[in-house]
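One-letter residues, chain by chain:
2 protein chains.
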Amino acid sequence: MAENKFSYRQLFDFSKAVFQKIGCSETDAELAVKVLLSADLRGIDSHGVARLSGYVRLHEVKRVNATPAIQVIHETPSTAVVDGDRGLGLVVAPWAMQVAIDKAKNVGTGWVSVQNSNHFGIAGYHAMMALDHDMIGIALTNASPLVAPTFSIERLLGTNPICVAIPAGDEPTFVADLATTTAANGKLEILQRKDETAPAGWIQDKEGNSITDPHALKTGGALLPLGSDREHGSHKGYALGAIVDIFSAVLSGANYGPWVPPFPAYVAMPDEQPGKGIGHFFGAMRIDAFRPAADFKMHMDKWIKRFRSAKTVEGQSRVLIPGDPEREMQAERMKNGIPVMSVVYDDLKSLGEKFEIPFF
Amino acid sequence: MAENKFSYRQLFDFSKAVFQKIGCSETDAELAVKVLLSADLRGIDSHGVARLSGYVRLHEVKRVNATPAIQVIHETPSTAVVDGDRGLGLVVAPWAMQVAIDKAKNVGTGWVSVQNSNHFGIAGYHAMMALDHDMIGIALTNASPLVAPTFSIERLLGTNPICVAIPAGDEPTFVADLATTTAANGKLEILQRKDETAPAGWIQDKEGNSITDPHALKTGGALLPLGSDREHGSHKGYALGAIVDIFSAVLSGANYGPWVPPFPAYVAMPDEQPGKGIGHFFGAMRIDAFRPAADFKMHMDKWIKRFRSAKTVEGQSRVLIPGDPEREMQAERMKNGIPVMSVVYDDLKSLGEKFEIPFF
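Line order of the protein sequences matches chains L and V. FYI, the working numbering numbers position 99 of the first sequence as 99, with every residue one higher than the one before it. FYI, the working numbering numbers position 135 of the second sequence as 135, with every residue one higher than the one before it.
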């Protein structure tokens, strides 16, 4: 687990050059990198620069279009369906979220379902776009199937995250960004690299037995929905992941369930494609479509202060507000640099050589 | 656990007479009973006729207004805030959901946050109102604090349910109705009556230790958020419950967090009231605001068939679609009657004597 630290600026310039090399415009390349690195800044290392070469490979197999003509293909005053034209999700998603924000400006809320897209980085980036407009932001996406519904041995859902970002006043904003599984796949990847076992309740083997081997997904195992097992509410995590899948893909015309295309370009495509690409869903709600923003923020501050000052169980110093750990991580990494594990470092180095981009 | 069975009609007529005795109009009494008994039919016994006397007691202490002037106090084309005027949630909620549906007819979606209401029965009834209009329905509510956020020993959230109802074609509709806790409070009540222990991971004692005594809430314990503990994602269940609280109450001007009024009339009110009554949140999204309803339903049928036919773990005969158990229970109970436990039977009998309503 050797790692080096790089500044945000170093990783930004390098990644931008890579996206430009595959044909993105300078504007799109900058946006894609901003979204990508927001994951590294917020401590969700699995979704950041570690995936840069993955996006390049998707472009190489012609599953990513570097110059997409993103467009609205259906709309009402408060809704739209966006066709991402196989663009980088990192570019398609902010475009679609902006449509939701514009609609909210006009009629109070905006809701946009997206087809024909690719992986969009972390949901948090897109939902948080609403905050600057005094709006609540919502971002969902489906993803390739790694999760077994309750009682199933088949993997039929992705880790299908839900992000909700809510403005506050003097307090920092509330940002809940969560995979609808007990543990995100990125956590398994970390255990694999460390050669450690997973806690019971995170994964099952190919027969559906609880197992602690973090490599179990390579031999037919599956991630478990939030709740782990039926007795602890896994049917709820399964239902939440299903809702994300349906809003993102059945509403938009993207692929859903077991037919969502995989992120790794070397993994075979599903046998069937009932829709186009992967799907996302975005929402924006103007606070003052409900009550004056100043009133709302005053009460959010009161809410946050009360929860943050709750008495803690022994051994814990505080009750966290959703978004606290990520915000603190971002401040620390902007100041001290972003750690890059050696395996990712080597990957970036190869990209640099391949594209003749000067590497750190 | 002796129990008797009564027909839907018997319970309907009796409960309607009770609501009329406390001053509800015939129309409101019928609506309230329809909502109340939808819980019994769907097998959520804790939220049905077992609570009838609880609503009566709330009326007696003047926390429920039997003749509310429910009104929209703020709106945009896609949003509204409704003041429930301390009405029965069983009446206020369908009124507010209808506003959401009407707005969706006009601009594609409708979103309604409600203040000054009371407990609304099961979320499922209200969300399912959208289905007849080829809309997706969403219903959330906050509730009095029984749940400790991750690392907290204080109870700051209710079981704050989320319901999402989604139309299908030939297949039955998808209805996910879930408390954002590992187990609903109603399940604890059943264990208490049976004198059985709870599985680890459902509750904690007043110091925050995992405990299996289902009476622990009476001695300072708390229900745990979906996920049970930090390692299994309880911060996600906490975040979901928090989102429900904020959408239902901080957006509307209702009470939130630890200040939500308790359902039992004999429990003291919180020391402070930052808002009015309890809060709900409703959403309605017209399917054809995204794509033609027929296309959507065809793909929902495909989605449902694929999940329902998934290979199961040994010992399980099928993978369920959210809403399956409740729909099957409803069919069975409409046919064979609704079981009423002896303690509830005695409670209803007392109500009958008090109001001079002929009892079965």
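In short, the hints are calculated from the structure, not lab data. Cβ atoms here follow ideal geometry from the backbone N, Cα and C, with glycine treated the same way. Careful: at least some of the hints might be erroneous.
Said to hold, decoys possible - Here are some chain L residues pointing at chain V (derived, C-beta under 7 Å):
no.: 1; residue: G208
no.: 2; residue: G233
no.: 3; residue: H299
no.: 4; residue: R308
no.: 5; residue: A310
Okay, the hints, checked on the actual structure:
no.: 1; hint: G208; result: holds, 3 Å
no.: 2; hint: G233; result: holds, 5 Å
no.: 3; hint: H299; result: holds, 5 Å
no.: 4; hint: R308; result: violated, 10 Å
no.: 5; hint: A310; result: holds, 4 Å
This entry does not satisfy hint 4, going by the numbered hints stated previously; all others are met.
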